[in-house]
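Protein chains in written order, with the numbering used here: chain D, 1 to 306; chain X, 1 to 282.
Source of the hints: derived by calculation from the structure; they are not laboratory data. Quick caveat: nothing in here was measured; it's all calculated off a predicted structure. Think of the CB as a built atom: it goes at the ideal place given N, C-alpha and C, for glycine as much as any other residue. Mixed in with the good hints there might be a few duds.
For the chain D half of the interface with chain X, some residues (derived, Cβ under 10 angstroms), not all of them [what the hints assert, rightly or not]:
1) Gly18
2) Ala156
3) Ile164
4) Gln267
5) Cys283
6) Asn289
7) Leu291
8) Ile294
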Amino acid sequence: MPAYLFRRILEAALILLGVSLVTYILLFLLPADPVRQIAGRSATAETVESIRRQLGLDLPFYEQYWRYLTSLLQGDLGRSYIQRSEVAELIAARLPASLLLMVAAICAELAMGLTMGIVSAVRRNSSTDQSLMVLSFVGVSAPQFVVGILLLYVFAYQLGWFPISGYGTFGHLVLPAMTLGFMGAGWYSRMMRSSMLNVLGQDFIRTARAKGLGKARILLRHTVPNALLPIIAMIGIDIGIFMSGIVVVESVFGWPGIGQLAWQAIQRVDIPIIMGVTLVAACAIVIGNLLADIVALFVDPRIKLK
Amino acid sequence: MTILGKLIRRKLSLFGLLVICGTVLAALLAPWITPYAPDYQPFEGLTIEGAPLPPNAQFWLGTDLLGRDLFSRLVYGAQTSLVIGVVANGVSVIIGSLVGIVAGFLRGAIGAILMRFTDLMMAFPALLLAIVLSAIFKPSLWIVALVIAMVNWVQVARIMYSETVSLSERDFVEAERSIGASRTRILLRHIAPHLLSSIIVFGTLGISTTVLLEATLSYLGVGVQPPTPSWGNIVFENQTWFATAPWLVFFPGMAILTLALAFNLVGDALREILDPTMKGRH
Chain D
1 MPAYLFRRIL
11 EAALILLGVS
21 LVTYILLFLL
31 PADPVRQIAG
41 RSATAETVES
51 IRRQLGLDLP
61 FYEQYWRYLT
71 SLLQGDLGRS
81 YIQRSEVAEL
91 IAARLPASLL
101 LMVAAICAEL
111 AMGLTMGIVS
121 AVRRNSSTDQ
131 SLMVLSFVGV
141 SAPQFVVGIL
151 LLYVFAYQLG
161 WFPISGYGTF
171 GHLVLPAMTL
181 GFMGAGWYSR
191 MMRSSMLNVL
201 GQDFIRTARA
211 KGLGKARILL
221 RHTVPNALLP
231 IIAMIGIDIG
241 IFMSGIVVVE
251 SVFGWPGIGQ
261 LAWQAIQRVD
271 IPIIMGVTLV
281 AACAIVIGNL
291 LADIVALFVD
301 PRIKLK
Chain X
1 MTILGKLIRR
11 KLSLFGLLVI
21 CGTVLAALLA
31 PWITPYAPDY
41 QPFEGLTIEG
51 APLPPNAQFW
61 LGTDLLGRDL
71 FSRLVYGAQT
81 SLVIGVVANG
91 VSVIIGSLVG
101 IVAGFLRGAI
111 GAILMRFTDL
121 MMAFPALLLA
131 IVLSAIFKPS
141 LWIVALVIAM
151 VNWVQVARIM
161 YSETVSLSER
171 DFVEAERSIG
181 ASRTRILLRH
191 IAPHLLSSII
201 VFGTLGISTT
211 VLLEATLSYL
221 GVGVQPPTPS
231 WGNIVFENQT
241 WFATAPWLVF
251 FPGMAILTLA
261 LAFNLVGDAL
271 REILDPTMKG
281 RH
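Between the sequences and the hints, there should be enough to build the whole structure, so can you do that?
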């Protein structure tokens with residue numbers, strides 16, 4: 001197992017290296033010239049040239065990439081053209097809010113999705129099961145900005161149960177977390193249902209029934225824990241899905257996280273920030289997938305270490 | 001024909017088919033069924049105070065902030081969603097299948113390189129990558145379609161790769177190989193037909209993902225640009241008024257949801273119909 005872990009971590013590191021190369025190529029392809037943006041419109045040709053040399057933009061591609069990579073490894077994501085501050089600092093200041101939102105969204109999606117999946121599996125082929133599965137399809141088909149705005153309209157404007165936007169209290173967290181977790185709830189309910197049906201069909205459940213154990217005990221002690229095993233590993237993969245979702249959800253709810261930072265940067269075409277958030281998100285995805293693999297290994301020792 | 005028959009016999013997939021056919025018809029017949037041009041701003045489209053009108057007899061779904069008829073804009077927006085859904089998803093299925101099948105069939109160095117590249121692209125969050133790409137290429141309808149295709153092909157490639165690998169290890173392929181069938185013959189006559197059902201299933205499910213991604217990009221302002229109506233940019237243009245004019249978010253939102261749901265329902269039904277191992281389960 002240590003060898004497997006080592007190989008997976010090495011693979012993850014290589015993918016991150018590839019990610020940095022791809023982001024750098026994308027930066028290279030961008031039509032916006034950073035030198036012009038820094039120097040301003042009235043700058044003379046000489047000033048432009050000297051800034052270009054200062055930034056190292058006159059060097060060949062591989063040398064520029066090497067500079068970029070070494071500064072990345074030191075935690076330097078470059079400077080924002082418009083906000084005039086370090087991208088790494090901007091992101092670090094906003095990361096806790098995003099992490100809080102994601103953890104809350106994971107709780108929300110698991111609470112909604114697992115309950116739906118368990119009820120569906122227990123009431124298999126009933127009308128409850130069918131309507132829950134239609135609901136799960138609605139969950140995966142609903143665009144997040146629409147879910148968010150509608151939740152805002154109903155629960156914040158009409159009913160006044162939650163604040164409209166902002167950050168700070170538990171009340172602020174509920175609607176964004178529900179919105180972010182809505183799609184995941186749809187996936188989890190379908191996976192939990194089929195995982196439950198899979199477990200319910202196995203011999204040890206029949207044995208438990210034959211021993212005369214109560215229905216509740218069979219469900220809670222024998223079925224649900226076993227059905228949960230393959231699902232736990234999926235949480236790591238959710239991180240990647242959330243990384244796209246937070247851009248939308250944070251902009252709808254005015255949540256001060258990295259998604260909102262990216263959204264504001266999109267409006268002003270502030271490329272270093274968009275790139276920085278993309279890189280951080282890609283790291284989160286790679287780490288999330290790595291965690292998913294490691295968790296899967298621990299919960300199910302039968303997984304072959306190929 | 002039997003597949004279509006089975007789709008019609010299931011309640012959910014019949015609903016999906018009806019929604020898809022309805023949307024396609026509406027998009028094709030847009031000039032004839034809409035009461036107004038999508039960018040026409042009638043004088044009576046706003047109140048005296050300049051506020052949008054709620055749904056009424058003249059404007060069936062109300063008007064937007066510029067006094068344009070929302071129903072007409074939604075019908076023209078269906079064209080945008082469908083064109084992008086079909087083109088972007090078609091391109092991503094073609095790229096994904098090619099990469100996945102070639103990597104899975106050839107394996108070796110070429111296969112490894114292709115799949116490592118796929119893994120690399122999977123590490124990027126789809127939405128952020130699409131945003132960066134549409135910042136590089138100025139967004140137009142076709143560019144948005146291509147950007148979505150460039151982001152979405154990886155899932156298809158992964159699925160096609162693992163299916164091709166598992167097919168080429170099956171006994172009937174081994175048997176073909178042992179009687180001296182050429183590689184091209186094995187690929188085209190024995191492996192490709194088995195992959196067709198997956199391509200159809202993921203081709204259908206993928207349209208739903210594409211429709212959602214286009215709507216989200218347009219909602220963020222980096223997708224289809226106004227004045228071309230798209231369901232996402234209608235919400236983008238009008239969201240500041242959602243508290244007083246909720247119909248401007250509700251109707252386009254429901255349009256996106258319903259179309260994405262329809263493709264998901266049909267795709268899921270196709271998966272059950274086309275996959276023989278699913279029989280008896282459920």
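Verification of the hints:
1. Gly18: OK, holds: Gly18 of chain D within 10 angstroms of chain X, min 4 angstroms.
2. Ala156: Status holds, d = 9 angstroms.
3. Ile164: Holds - the Cβ of Ile164 of chain D comes within 10 angstroms of chain X, reaching about 9 angstroms at its closest.
4. Gln267: Hint holds; Gln267 of chain D Cβ to chain X Cβ min 7 angstroms, cut 10 angstroms.
5. Cys283: holds, 9 angstroms
6. Asn289: It holds, given that the least Cβ distance between Asn289 of chain D and chain X is near 8 angstroms, below 10 angstroms.
7. Leu291: The hint is violated - Leu291 of chain D has no Cβ within 10 angstroms of chain X, the shortest such distance being about 14 angstroms.
8. Ile294: violated, 17 angstroms
Violation of the numbered hints given earlier is confined to hints 7, 8; the remaining hints are satisfied by the structure.
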